[in-house]
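J.: Protein sequence lines, in the order shown, are assigned to chains A and B.
Numbering of the first sequence is given in the numbering used here, commencing with residue 1 and proceeding in unit increments.
Numbering of the second sequence is given in the numbering used here, commencing with residue 1 and proceeding in unit increments.
Calculated from the structure, these hints are not laboratory results.
Here are the in silico distance ranges between beta carbons for each label pair: (1) E5(B) <-> E73(A): 39 to 47 Å; (2) S174(A) <-> H40(B): 27 to 35 Å; (3) V173(A) <-> V9(B): 22 to 30 Å; (4) A39(B) <-> S65(A): 50 to 58 Å; (5) V173(A) <-> S7(B): 25 to 33 Å; (6) E73(B) <-> P33(A): 16 to 24 Å; (7) T177(A) <-> G21(B): 12 to 20 Å.
Don't be surprised by glycine CBs; every beta carbon is placed ideally from N, CA and C.
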Amino acid sequence: MSMTQPQWRGNEAELIQSVCGGAREAFYELIRPYERMIYATAMSVVKNSADAEEVAQEAVLKALSNLAGFRAESKFSTWLIQITYNEAKMKLRKAHAHLYESIDDQQQSEEGDFWPRDFADWQPIPSELLEQNEIRQALQDAINSLGRIYREVLVLRDVEQLSIKETTIILGVSEATVKTRLHRARLLLRDSLAPGFDGCWIKGLTYRKVRPW
Amino acid sequence: MGTIEISCVEVWREISNYLDGEVSPEARERMEAHFKVCAHCTAVLDGMRNVVGLVGDGRVFQMPDGFSKRLQERIQKLP
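In isolation and in its complexed conformation, chain B is listed as follows (with noise of 0.2 Å):
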């Protein structure tokens, strides 16, 4: 196997990127690697994913009760 270990810091630096897709196929591959013997980067990036899916769910930025009448009314409004 010839992929190359990695620290945990370099894990961190790079661990958005990664959920993203935005990381190399050889850098994914070392990332990879590393969190199957790594239970704290693995911890970062569980968290990272937990919280990513939680406001990314469409119901964190909810709008005020009457938002879009109130919005339709002042386009009706105008001159």
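Only chain A is shown next, with the shape it has when bound in the complex (with noise of 0.2 Å):
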């Protein structure tokens, strides 16, 4: 089967306008550019590469089937990242729902505020080294060890980029429940990273732990 598909053009309304009509080709250029945020969006839920996969699959088919409900009250991402937490979801509750973290996660308790431990002096860390493997691993082993609540809202607002309104929208939550878990998932992102950086990231570097207690 040839992957040279039609180069389909035009913007975001004209292609859904497209599918809709019948040209269901135009699908995969509609939502490629969403590829990765979708993938990352599964990630964040389900934690392993194999059911993220099948769930973007998933989710991919369902906006297909979908996508003439589409109302453009938000936008076509939004509702497309939407359609696949929730999609990550059903398949945590379908399969796992026994070995994970609860599924609504609430237990974990949000109350009180959460402090920094580890006040070592960060250097700027060069993103070129992202381009070894095992700094990649590093930074998703420590984005997995974090509780769902603050992984997923981690994931949509600082790997995806979205907006606070669309993160509210997508999780369901309201502003300041997204504020406070994006609070607290970097500090918790920071504490797990520290001791790696300080050892590790950078070589030949010494850091200096700073601690004011």
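With the hints as a guide, bring the two chains together.
T.: In structure tokens form, the structure reads like this:
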């Protein structure tokens, strides 16, 4: 089968119209810019690559069959990511609910303040480090070590760079909740990466641990 | 100078919102005054900024090899 698709041109609204008008070949062109987002969203919930891919495929097919019902009240990307997120949660429910954190994960206390644990003096980390597999893996592991509610919000906001408003729509929580969870997620991630950074992120640099108490 | 001093704890509480530009101009001013004199809070801010920059780079969640091809095939196989 040939992967060379006819080149569909036009903006998103036109592509949506084409697909709804029967040109299903245009559908991949429509979702192509969001593939990585779809995958990352699925990963943030199910945490493993094979499951995330399955979720991504199911979500995309669902988006195709529901496309006629898409109303441009929200952005297409938000709608697509929301479908993916719901599909991923459904997968957790169906397959592994008893093994994973509780689906709604609300037992994890969100009350009270949360403080940083590490006061290492960070140097800017060059992004070229991400060329290294082990560095990317370390980051993924650190993200995966977060509780699900923190991981989801971090992936939507900081990996996918969605706005706070878009994040509230997808997760179905308030703006204040998004902000609180993101705050904790970032602090937790920073804390969990600091020791690695201290010892092995960049060889040859020394970091001063500063603990105020 | 009329900037009201704030504690480390108050800075930490808002540090993520500060990075996102989600604090009031007054709070921003107070936090910036605090960062100038507090190495610990600056370390927390720098670390958080680093982490946010790294995860936002786009290379962290790389799709598995063949992901796009399999997705296209799945769409094409639909009846």
